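Novice: Assembly of the complex is requested from the two constituent chains, each provided in isolation within its own frame, with the hints serving as guidance.
Heads up: the protein sequence lines correspond to chains A and B, in order.
What the first sequence shows, in our numbering, is residues 1 to 875, in sequence order.
What the second sequence shows, in our numbering, is residues 1 to 113, in sequence order.
FYI, nobody ran anything at the bench for these hints, they're computed from the structure.
Keep in mind that this is a model prediction, so the values were computed, not measured.
Label pairs and their calculated CB-CB ranges: (1) Lys39/B to Glu19/A: 34 to 40 Å; (2) Glu70/B to Leu77/A: 39 to 45 Å; (3) Arg17/A to Glu70/B: 21 to 27 Å; (4) Leu377/A to Asn96/B: 44 to 50 Å; (5) Ala346/A to Ser48/B: 50 to 56 Å.
Note that beta-carbon positions come from the ideal geometry of N, C-alpha and C, so glycine has one too.
Residue strings, one per chain:
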Amino acid sequence: MWSKFASWLRAVTRRSRMESEMDAELRFHIEAFAEDLVRSGVPHEEALRRARIEFGGVERAKEECRDARGVSFLENLFQDLRFGLRMLRKSPGFTAVAIITLALGIGANTAVFTVVNGVLLRAMPFPEADRLFLVSLAPQGGPFDWQPGVSDRDYLAFRDQDQTFERIASFTIGTTANMTDAGDPVQIPVAYVTTEFFPVLRTNPEIGRAFLAGEGEPGNENVVVLSNELWKERFSADSEVLGKTIRLDGVSRTVIGVMPPGFAFPDAKVWMPLAIHIDEHNSFTRPVVGRLRPGVAPQQAQAELETFSENLPLGPGENKRDRMPQIIPLKDLLVANIRPSLLVFAGAVAFVLLIACANVANLFLARAVGRGHEMALRSTLGAGRWRLVRQLLTESTLLSLSGGAAGILLAFWSVPALLALAPEGKIPRMEVIRMDGWVLAFTFGISVITGIFFGLAPSFQATRRNTRESLSQAGRSVTASHEGIRGMLTISEIALALILLTGAGLMLKSFLRLRAVNPGFSPSNVMTMTVDLPESTYRTAPQMRAFHERTLGELSRLPGVSASGAVNLLPLGERLTMGTFQVEGSQRPPGFMVDKPCISPGYFRAMGILLLRGREFTEADNETAPGVVVVSQSVARTLWPSEDPVGKRISMEDEPKPEDWLTVVGVVEDVKQKGLAKNSDPAIYQPYLQVSSSFFLSHMTFVVRTASRPESVAAAMRTVLRDVDKNQPISIASMDSLIATTTAETRFQVRLLATFALIALTLTIVGIYGVLAYSVAQRTPEIGVRMALGAQGADVLRMLLRKTLFLISLGIVIGGTGALALTRVLARFLFEVKPSDLPTFAMVTLALVSSALAASYVPIRRAMKVDPMVALRYE
Amino acid sequence: MDKQMELLQGTLDMLILKAVSLGPLHGYGILLRIQQISKDRLEIQQGSLYPALYRLEHQGWIASEWGESENKRKAKYYRLTAAGRRKLQTEAEKWNRMADLIEGILGTTAEEV
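Isolated chain B (complex conformation) (with noise of 0.2 Å):
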């Protein structure tokens, strides 16, 4: 396993976007999503989930309502709303541009100085 990484800070809200954009999930289930997609290599803070979660569900981006989880319990499932899917594109788009501007700076080599 590759060790992991702590998350970029600011990045915890586009993540749980993605994670929900995929289908609706509960709190545990986001976390292991984005764990699952990462491939165990990001860390994230079990703790800060949460107030990152109801942050999103404050300013809409996402909803909430009680369901049942696989296990029979009821669980708190949260889904992509259409103002939380415009802020997805919108959050992705600027992390890709700024991706490549570093990554653009970061392969400078002298001669193209």
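If we strip away everything but chain A, and leave its shape as in the complex, we get (with noise of 0.2 Å):
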């Protein structure tokens, strides 16, 4: 072993004495083989030539010498590198289109992996992240984004009697505060933590400390943990930082540690404490963490927690089908929803990648025809075949790596394009996507792959071909095997970038259909300015009102403002209230629930929603005067069918005393209150002036319509409400650009597949015009004779169009069948189109057609007009 190593490490680190010994060797041998001939009378150059002629072929035996040596590989590798890089260098054009052609192909998928290692991949950034685990009973389905998470009451059950996690934690995800007293009123992302959180992710703060058992309690509760990043945001990186307080909602908190930069998992950049107590009215699910004890297998503990909630007494109302237990991997509370997204990517990217390839191994095929001489030379002088795939390998790997190289250079900059086209919020874990090294290492996997890939089929058609025949026609000759290959290469390259359009067509079609859905009002020329009234600060319903009331009669009052209005619930906005109620005189349909939002009068006309009868509210519809509501349309045609809702009487309490009863004085139109794709909800409008509940006031969205740009008036309503309330975070947007966020994700979708697409589609019918071309140029004699013999310009183009013809159809019918497989991953994703959609496939197929018969025009235009005379002259 050791000596096979030591002659093999010679051999490398010496080649070149090795080479020279080598030749003195053979040299002597042949020499003193020569002076015993001459001894025995021979003339000394007839003995030189008798030597040569018995000791047979030297290079031969030097590549067998080497070969024994077994440093060849290595040997071989350095000659084949130096050879391939010269026959690049040879051949700029050919090395050029391959190489963009890779590059292009390598770094759409070197971006997306770039993505989906940061997003998907890497590890949570805490110590054994691996043994994090979400314990989850939620069930799936339901009208919003799934979360994992577990009741208070459940959670409390769970953490007293579990064996298989060291601890559980529980936090909320996606709440919100406002800060003052640090620079601007601003809401950041919070989240209320168990003491138990910091521990069971193994962080603890860089300065201060973590909670302590028994903070978050009542009195207790007023600490706080800041991010690394806020601390140096808005507190200037004090080291006195500790002691000092901060205002949230109102509420002033002592900073007791920061955090480690870049921790901010649940994506909150302040953490407080977070006691758990039953309450009797409302049950607060949440999503729990735990870290699972050395040795137990997540199985086990999700067969504890199936055991568990089988034996979990049920709640009122509560049916079995409501719990799912689930013990999930942490990282997926923050991924889940992104991950098929995600994978619908790299999935489409990678059939560039596919396309990519055939071109460039079409490429190969048309230079391994030119170089079929050279093949037969080497091959007459003695190189094996393996041998000389091996050389042609290498040159299609020296171009995969070049491309691959290129590719990243090109991910380098479509990276952080791709995540600003990406809609804000909607991809997770963004700050720790980058270009690491497994991002390279995956480069570099898919370029020695994709090298191989597209090198192979040209290398053994190269290579196979009969030796004497190729040296006796010099090189000149069309063989029917490559028509093959490039036949199969160019019908695969059809059905990829078939599939891709269709994929791409359907999303750009859902999303065109999502765009025309009529929400129920009119968005544009609306401006809308959310706040978030501090309990700490507005303690009860009438300081809220008044609040209100002051902002709505300055907003009112600006230029350029026709109407204005203000609601709790603002359509296609983040939030969302269902509830019950009850008909006089009648049963609700069981099941029928309402939205309730609460809005002052002027919201509808502001918001454009459409009074069909009676009224709008009043300013006289206040606290004193008798109770009113506004139903929507669908709770019109629900609850009266056939009867005039204007007087009738309703209300929102269980048990409803006379005084509760709420008089219907107007329909509206429905309004889609949960999203563009989701169906509209039936609503009951209340004046917010007769509302008592601060939980119905504190959030409020004011409208206005102006006559021109909403934009416009975005400055002087930032100052209404500086006036009315210095202290309140500003957020104002149009509703068109929230609307626009709304479907900010399938606009993302649609944008980066049909980039996909189209790479895909060029890429095609490049390869395929220089199928084409390429199949011209060799035909030429061969056309020539034809049109020499009689046949028109006309018979050319029916023999070419029918080839061509033959492929496109046959990578329709492939890539169609393909599509209709392969589209359903997209069925989740699309809104009101079938992954089957006929239209859809048809449009494709035609534009990819009709472009293949654009790209073929060129080639077949050049075969008709081949002279008869000059093609036969090379023959």
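Specialist: Listed below in structure tokens is the structure:
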């Protein structure tokens, strides 16, 4: 073993010396042999000649010696590389086209993998993060994006009897608070966490301490831990920050710690202690994270949770099916919703690479024919077939690695572009997306695989040819088998492009459908401003109403504002309250729930919601006036299908007293509350002046309808808010832009898939053009003969067109079948479009066929113009 | 002179080991020695000698060094290593067993079956 290694090492390190020694040794042999011959009377020159002949092929012997020494692989590699580089330099056009094609394919894959790696693959930044799991009993499905979670009651019960976790912690996600007294008022993401939270994650504050047991209990809850980023941004990295107070939602809290840089889980800038008590009226469901005990597998935890769930008594109105016990990797909390999209992108971009491979393989094949003579010569001189294949594979890998290097540059530039294109807040863990060692390893890996993939078939083709025939024909020959492979490559290109185009087409159609949805209001020229009134400052409903009244008054007086109003649940916003109610004199259909927005007079006009019957609310519908409501059309239709709803009475109370009955005064159009892709919700509107619960009044969105561009009043609205309460963070957006954010994810998917599909289409067109142009060039003499024998341009056209159409239609059939099978993965992203939507299939097929025919126009025209005389002269 | 026989496949290595076991030799010398001990009845492809030498050296059965030849020229000399000696022995035994076996088979008469 050692001697082998030593000999190998010697061989590698002293390659040139070994080489000259080998020369010397063989020379010695031949000369000694010749001397012996001379001694036996043969003349000197003749002796040398005979000695050489007797010895046989010196070069072949040397080659075999190198092989025997075990070094040949590396040595050959160097040789192949040198030769390969020379060959690539010799045909710069070929090299450039191949590298650009590969750079596109590999670069796109690298970019998508960079995102996939950062979002899906990188470990969470905690010690032994793979031991962290979410405990969830929440059922999947329902109106919201699914969030894993456990209700407070179940959390406490599970915590007391659990055996598989070291510790578990509960925390809130997606909560915000207004921070004041530290620069401009601002809304920041916060998390309320139980005191076990930091120990479970095994991450401690860098400065100060984490929460102590008992913090979070009433009287003991006004402490806060800051993120490193917030500390730097708002406190200029003040080392004396501990013990200082910050105001969150108007409550002063003492800073006790600052987390290390990069710690933001679960996407928060501030952590506050949470104590969990069972509340008789409300049940909160929050995510729960636990660290598995050493040696415990997630399956054991799953089994334990299932048993727990099985034995848990059912709460009032609860069903067994309402619980879904699941132990989920912690990362899924952040990435579960984005994973399907990312996987679709990764699949789409892999198709692009396959098409790029097919194109380069075609280029390689074309070149291989040109090099047939060279190959034949080399094989006559003693190069084995495998040796030639390796030479060609080295060249293809050299190409693909260059393509990969260019691809990395491309990705370096396109990853930020990709992320910029992504809807804000929809891609989690953006901060950990970067090109790291894994990405480079991935790119290197796919480059090598790509090189071998597109190099293999052409190499075997190029080296399979009959040596003698090739040499005698001096390299000019048309081989049918090449045509076969090229045809297959073209067919697969068309098929792959068709699949991508279909996917992009379906997404585009879905997006257009979504955009065309009538939301039930008229969003253009509407500006919105949202506030969250902290209970510390606005303790009572009248205080809140006073704020709203004053703000509304100021807004309505702004120049350029034609109508103004306010609503607590903005349509297509993130908030939603659904509830039940009672109908006077009849029964509410079981399960019929409604949105219950509180609005100001003028809201319908400001939002452009059509009043169908009766009247709007007025300033007179206040606390002292009789209670009134406006219902949406679907409420009216459901409750009073054949009667006039105006004048009917309903109540929001479960057991209404006489004064709780509210009279319907008007009917308005239904509005899309939850999203454009969702059904319209039935809604019962109440005038905010008659609402006495601060829960319905603290969050309020003011809407104004403007005569011109809505952005023109933004500055004035900001001033109004600052005048009314300078501690309110300002959140202003036009209704159009809010709607755009709700469709942003779809738009992102459409753009990305369309980009990939266009790259695929371009590569395919280039590919088809290349194949046909090459084929015409090869067949020029044949065409010349045909024309000399009387064929017309039309006959040539028919001949070539038949071939092209054959390739295209086969590609379409295969691609169409593939698309039918594969676009099913898009079903969850599609709105009102079936994955097998026939018009889309027809459209993209038409587009592909016409571009393919356009691509073949030039070469076919060239073929038709072949001059038989010129063509035959070369024969 | 008897008619020359072609070398049986796989026996060249054994012959080389045997040749250098009698003392260090250069490549041409090995060729001559094999021809000499076979009384010129074996035909060896000269070109195939060197790959075999390199292979044997790579496997550690022979070692080489540069020395001076009979006619005062630099030549590469091969000698048997300890591992090579053991190899030669096992190969020779294997060969003999095989030869006996084949002889036995070929010598079988009808009565013996």
